[in-house]
Amino acid sequence: MRHRIPLALCSLLPGTALAANLDLSIELPRLDVAEYHRPFVAVWLEREDKSVAANLAVWYQQPKKGGPAQAAPAAPAAAAGAPQSGMQGVAGNQGGTKWLPDLRQWWRRSGRELALPVDGVTGATRAPGEHALSINLADLPAGSYKLVVEAAREEGGRELVDIPFQVPVKDAVSLKAKGSRELGAISLSVKP
Amino acid sequence: MKNLIKPLVLAAACLPLTALAHKQWIAPSKTVLNVDGWVTFDAASSTDPFVRDHNAARLDNLVITAPDGSTVPPENPSAGKLRASFDLQLKQPGTYKIAVVNTGIAASWDDNGQTKRWPPRGTPFTPEGFAQEVPKKAKDLKVTQSIGRLETFVTAGKPSDTALKPTGKGLELVPVTGFNDLYTGEPATFQFLLDGKPAADVEVEVIADGTRYRNEVGEIELKTGKDGRFTIEWPQPGLYWLSASVQDKKADEPATERRSSYTASFEVLSP
Chain A
1 MRHRIPLALC SLLPGTALAA NLDLSIELPR LDVAEYHRPF VAVWLEREDK SVAANLAVWY
61 QQPKKGGPAQ AAPAAPAAAA GAPQSGMQGV AGNQGGTKWL PDLRQWWRRS GRELALPVDG
121 VTGATRAPGE HALSINLADL PAGSYKLVVE AAREEGGREL VDIPFQVPVK DAVSLKAKGS
181 RELGAISLSV KP
Chain B
1 MKNLIKPLVL AAACLPLTAL AHKQWIAPSK TVLNVDGWVT FDAASSTDPF VRDHNAARLD
61 NLVITAPDGS TVPPENPSAG KLRASFDLQL KQPGTYKIAV VNTGIAASWD DNGQTKRWPP
121 RGTPFTPEGF AQEVPKKAKD LKVTQSIGRL ETFVTAGKPS DTALKPTGKG LELVPVTGFN
181 DLYTGEPATF QFLLDGKPAA DVEVEVIADG TRYRNEVGEI ELKTGKDGRF TIEWPQPGLY
241 WLSASVQDKK ADEPATERRS SYTASFEVLS P
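Taken in order, these protein sequences are the chains called A and B.
For the first sequence, the numbering used here gives the first residue as 1, with consecutive numbering after it.
For the second sequence, the numbering used here gives the first residue as 1, with consecutive numbering after it.
Nothing false has been slipped in among the hints.
Derived, one-sided and incomplete: chain A residues facing chain B with beta-carbon distance under 10 Å:
no.: 1; residue: 94
no.: 2; residue: 97
no.: 3; residue: 99
no.: 4; residue: 100
no.: 5; residue: 104
no.: 6; residue: 107
no.: 7; residue: 108
no.: 8; residue: 160
Quick list of in silico lysine-lysine cross-link-like pairs, PhoX-like style, CA-CA up to 25 Å:
no.: 9; chain 1: B; residue 1: 91; chain 2: A; residue 2: 65
no.: 10; chain 1: B; residue 1: 223; chain 2: B; residue 2: 197
no.: 11; chain 1: A; residue 1: 50; chain 2: B; residue 2: 158
no.: 12; chain 1: B; residue 1: 91; chain 2: A; residue 2: 64
no.: 13; chain 1: B; residue 1: 158; chain 2: A; residue 2: 146
Derived by calculation from the structure, the hints in this document are not laboratory data.
Virtual Cβ for every residue (Gly too), placed ideally from N, Cα, C.
Please work from the sequences and hints to get the whole structure.
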């Protein structure tokens with residue numbers, strides 16, 4: 001699981017490996033709150049036994065480039081007016097890794113075993129709006145999967161949305177789900 | 001009213017002894033963290049678990065075992081009136097065991113209708129003191145050895161079990177389901193060992209945090225099977241207090257009876 005290869009697959013299951021093309025759209029809703037922080041988000045593919053077939057994206061507060069070795073209390077805040085603590089506080093060289101366990105399900109299923117950052121998977125938090133991801137999985141064994149999107153926000157809540165799908169597909173399928181607060185519309189199209 | 005009071009008095013008289021004792025607990029602020037994260041712990045005894053309203057726990061025998069099996073000291077230990085506390089930074093990936101192990105021998109006997117005890121509260125057992133203070137042929141002389149473990153567990157990153165290896169002494173709990181991998185909707189199985197061997201037919205009591213904010217204590221009562229295992233269904237997320245004790249005759253001299261007890265706290269998350 002410590003691979004630095006993008007979208008590394010831990011395919012322990014025997015069976016035919018097939019290519020799958022996934023097009024995702026993830027909406028982060030614009031929330032009218034007094035103190036808004038961009039959510040931490042994890043996106044992954046789950047097998048039927050809930051193990052992780054692939055990590056697709058993990059967005060969290062990144063370490064400050066050229067930042068101090070330790071997040072010193074006197075260091076300037078990452079963003080003007082940002083609070084000095086919490087998920088989006090002083091980034092230092094650790095960034096928001098302290099708060100990654102708040103993506104509870106992702107942390108349990110794979111986050112806690114990963115060496116971060118993971119090239120092509122981890123990245124900075126995203127602004128409200130729709131975010132598209134296009135992923136080509138070279139060898140995904142036939143079976144039932146779930147696309148899982150989990151979001152956790154400082155001063156906010158946590159939400160988990162999933163979309164079950166099958167591999168392989170004969171024709172392209174388009175699937176949708178919707179979060180209730182922390183996540184907006186999620187869509188997934190699976191192409192052969 | 002009269003009809004009501006009688007059964008109540010009877011019920012009170014029939015309460016098991018343990019119900020009268022205060023419950024000990026160590027409450028971690030969090031149990032699932034990333035490496036380098038800090039946890040703070042409160043430790044106390046009280047009638048209801050996790051309610052800070054009686055006495056601070058004594059931390060003289062606190063031992064923190066790191067994931068690599070080494071012992072690490074607590075940071076900022078302090079004792080208040082109602083609770084003792086200490087901090088811990090999880091510098092290693094894996095599971096830490098936080099344990100207070102109290103052992104001792106105590107004697108009680110009947111001296112002309114009065115119950116005498118030795119050693120006095122807060123003083124340790126010594127063979128010399130025992131020989132001097134306890135009459136050998138006292139009426140109803142009972143010499144009891146006690147081994148009490150008070151534990152909790154926290155994990156940075158991926159859970160591990162090096163720190164969880166049983167010592168083989170007294171009553172101990174080992175994971176079947178990981179101690180820091182507990183979720184509502186997923187029954188958890190643990191195993192009790194007595195002197196390192198599966199402890200069958202042990203009664204286990206489990207109480208969820210928050211007794212102060214509900215009318216029922218809501219104890220969950222369980223019993224270990226032949227293999228020492230038992231399974232818990234967590235009704236809701238939160239902290240849980242788990243306790244069990246067994247009595248036998250496998251005592252060290254001069255004790256003739258032995259009481260082994262085990263108490264631990266677990267955090268259950270929502271999936």
